[in-house]
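Participant: Here's the letter readout for the chains.
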Amino acid sequence: MLKKIWKFLSSMTFAIILLALLCAACAGASFLPQGETFEWYAAAYSETAAAWIIALQLNDAFHSWWFIAIAAFLCANLLLCNVLRLKGLVQRTKSAADPARAIRLEPDAAAAGIAQPRSVFRRLGMPNPSEHTVEDRTVLLSGKNRVGLWGAWVCHVGILLLILGFGLGQFTKAEYFVYGVPGQTKPIDETGLMLTIDDFRIGLREDDTVEQYTAEIRVQNAATGEEQRAAISVNHPGRLFGMSFYQNATGWAARISVEKDGVPLQSEVVCAGEVLPIADQPALVIYFSAFYPDYVYVPGEGPRTASGLLNHPAYLYAVYYNGELIGMNVLEADETIRIDGYTVQFSDPQSYTLLQIKRDSFTWLALIGGLVTLIGLLLAFYVLPQTVWAVLEEDGTWTVSGVSAKRRTMLREELQRAADEAKAGQ
Amino acid sequence: MLQLEKILFIAVLALYFAAMILYFIYIASKKETVAKIAIVLQIAGLALHTVAIVCRGIGAGRLPLTNQYEFATAFAWGLCLVSMIFLLRFRFPVLGAFSAPIVFLIIGYAALQNKQVNELMPALQSNWLGFHVSTAIIAYGSFGVAFVLSILFLLRDRAQEGSFWDRHVPDKEKLDLISYRSVTLGLLFLTFCIITGAIWAERAWGSYWSWDQKEVWSLVTWLVYAAYLHLRIRRGWRGKAAAIFAVIGFACVIFTYIGVNTFLPSVHSYR
Chain A
1 MLKKIWKFLS
11 SMTFAIILLA
21 LLCAACAGAS
31 FLPQGETFEW
41 YAAAYSETAA
51 AWIIALQLND
61 AFHSWWFIAI
71 AAFLCANLLL
81 CNVLRLKGLV
91 QRTKSAADPA
101 RAIRLEPDAA
111 AAGIAQPRSV
121 FRRLGMPNPS
131 EHTVEDRTVL
141 LSGKNRVGLW
151 GAWVCHVGIL
161 LLILGFGLGQ
171 FTKAEYFVYG
181 VPGQTKPIDE
191 TGLMLTIDDF
201 RIGLREDDTV
211 EQYTAEIRVQ
221 NAATGEEQRA
231 AISVNHPGRL
241 FGMSFYQNAT
251 GWAARISVEK
261 DGVPLQSEVV
271 CAGEVLPIAD
281 QPALVIYFSA
291 FYPDYVYVPG
301 EGPRTASGLL
311 NHPAYLYAVY
321 YNGELIGMNV
331 LEADETIRID
341 GYTVQFSDPQ
351 SYTLLQIKRD
361 SFTWLALIGG
371 LVTLIGLLLA
381 FYVLPQTVWA
391 VLEEDGTWTV
401 SGVSAKRRTM
411 LREELQRAAD
421 EAKAGQ
Chain B
1001 MLQLEKILFI
1011 AVLALYFAAM
1021 ILYFIYIASK
1031 KETVAKIAIV
1041 LQIAGLALHT
1051 VAIVCRGIGA
1061 GRLPLTNQYE
1071 FATAFAWGLC
1081 LVSMIFLLRF
1091 RFPVLGAFSA
1101 PIVFLIIGYA
1111 ALQNKQVNEL
1121 MPALQSNWLG
1131 FHVSTAIIAY
1141 GSFGVAFVLS
1151 ILFLLRDRAQ
1161 EGSFWDRHVP
1171 DKEKLDLISY
1181 RSVTLGLLFL
1191 TFCIITGAIW
1201 AERAWGSYWS
1211 WDQKEVWSLV
1221 TWLVYAAYLH
1231 LRIRRGWRGK
1241 AAAIFAVIGF
1251 ACVIFTYIGV
1261 NTFLPSVHSY
1271 R
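The listed protein sequences derive, respectively, from chains A and B. Position one of the first sequence corresponds to residue 1 (this note's numbering), numbered consecutively onward. Position one of the second sequence corresponds to residue 1001 (this note's numbering), numbered consecutively onward.
What the hints contain is simulated information worked out from the structure, not anything from laboratory work. Please read these numbers as outputs of a predicted model, since none were measured by experiment. Warning: the hint list may mix true and false statements.
[Stated by the list, open to error] Covered stretches of chain A, as calculated for chain B (at least 3 residues, CB under 8 Å): (1) 9-15; (2) 187-200; (3) 230-242; (4) 286-295; (5) 328-338.
Even glycine gets a Cβ: it sits at the ideal position worked out from N, Cα and C.
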């Protein structure tokens, strides 16, 4: 029973089933919006469907237990397949170099009555066959492209490394996001590193389209004081302290100044989407909801921005007291909000940068896996192993035979043509 | 340069259309001369198409492979190139009769897209763009040829002895073999395309694989063709079954190219 299971797990039939399952899983998951909540699926489909979706983890299909199980079975199948094939492959590779073994092979092609066997070898692209004596018979032997026998095996190794690298990366990776404006220094979560944004520029073309986002950053190890710098932009990540820093996104920030009874109380740069609690009255909170660099009010639609240029800046804000909304409006430049004795003003709009920081220690393994897969495919499809041998017959003529693991028809045609040409030249 | 590209594009469209019509006439009339003219027109179309793409590249100051129009026209070019290579290598004009309509459909789709030359967004400003997209074009072109050959195989399978198909289309074994070789070429380049895409994505998006819809469907396509190759070995699924599988595979290619951009949200949707 165990032997049967073992055999099935390593079989090509099982591999084909797993490939079909992976196809179905990927295709199915692409049509179902991923990462949504029960409520979302219930509204989009029905409560019963939503319950099934959540229970079967269809909402996160590519990280679900069943998807990981299919991938794990595929790895096991590839590994077992390669282990079981290894001995046979080694033997086949050796047999191509061993005349005693080669002449016992069942030939895919043969031509008899050849007087000049070396010219046949030459025409087949094997100019220097080795001469041997096997069982008192003279044998010429040559082989080429034996490495081609290993194509599928190498390809399987590559896929295994790829899945292993991707899987290990998923389990061990760390990802952080830090955003801010030039001059700000922020901690990178629990890494013990501090990130300072020295500069952030948005390069615009003449037609106002964005050419590039560039951030100059400094990262300091808080414990050792070691500091590393980088200029990062889209497509040009920085590699600092073993982590990659990416220019991920941008948005608007503004300075919010608060006065109490005409006396400055606080002044901070706040990004759109953030809140600012009033320093001496934390229950009172200013929420910077959105920024419109080129503000227009469209009746029926509400506030909009006509362009990305700072032609007519305006700020959408909300004020909360003890968590309750007490006011909301759009504030244009030079306008202020008055709440009891507090005066709030928005000014100095500027772009902030959102930086993605990532550590994936196994990217190199996945990359090697991909390249090995590619090499395996090249070997499998385009390196055609052939072994050709000639045996001196009792009548003084030679019989030239050959085997090809791939494209037997081609070898048959080529050998026949070479033999005919050799005979014609005799 | 861009004005010249527009003129050339119209000329290419006309040449491909004329070639397609002549191929149809060849099928109907069985006259070899008509097939020869069709091939000449298609080669002329391919040459002008190459010049048009070069002109757009010079005019835009970058590789012309970044939006739906540019990729569609390049896809048509790749399919036409690979099919002409196979047609001339194996000497059977009927291949042209079946690939020309697909080339015309794809370039027709390109004609419907926005042709404006836009400056590249930051994510597309990478040297990997050329490797990634050009390998995709060869992969898609090869799968397209495998699809055409598979359709021919299925027609040949039903052809009576001595009929036009019997006389002008290579035997089934050869069709199957050429289709297989076309699939292997496509799979090799698709793998190349996925790897170069992953390297680029790591630099641009911070993740070499993020299960984006285009990535998922490229993987589906890869898996379908991988299954095709395994089935040929394991189950001896050659001939008709393999031909049907190659048709399904090309449906995945088309969905990956057009379907994903049209029906599914994807960070690869550059219009």
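Participant: Determine for every hint whether it applies to the structure shown.
Facilitator: Hint check results:
1. 9-15: holds (count 3)
2. 187-200: violated (count 0)
3. 230-242: With 5 residues close enough to chain B, the hint holds.
4. 286-295: It is violated: at least three residues are needed, and the stretch 286-295 of chain A offers just 0 whose Cβ sits closer than 8 Å to chain B.
5. 328-338: violated (count 0)
Consistency note: the structure conflicts with the earlier hints numbered 2, 4 and 5.
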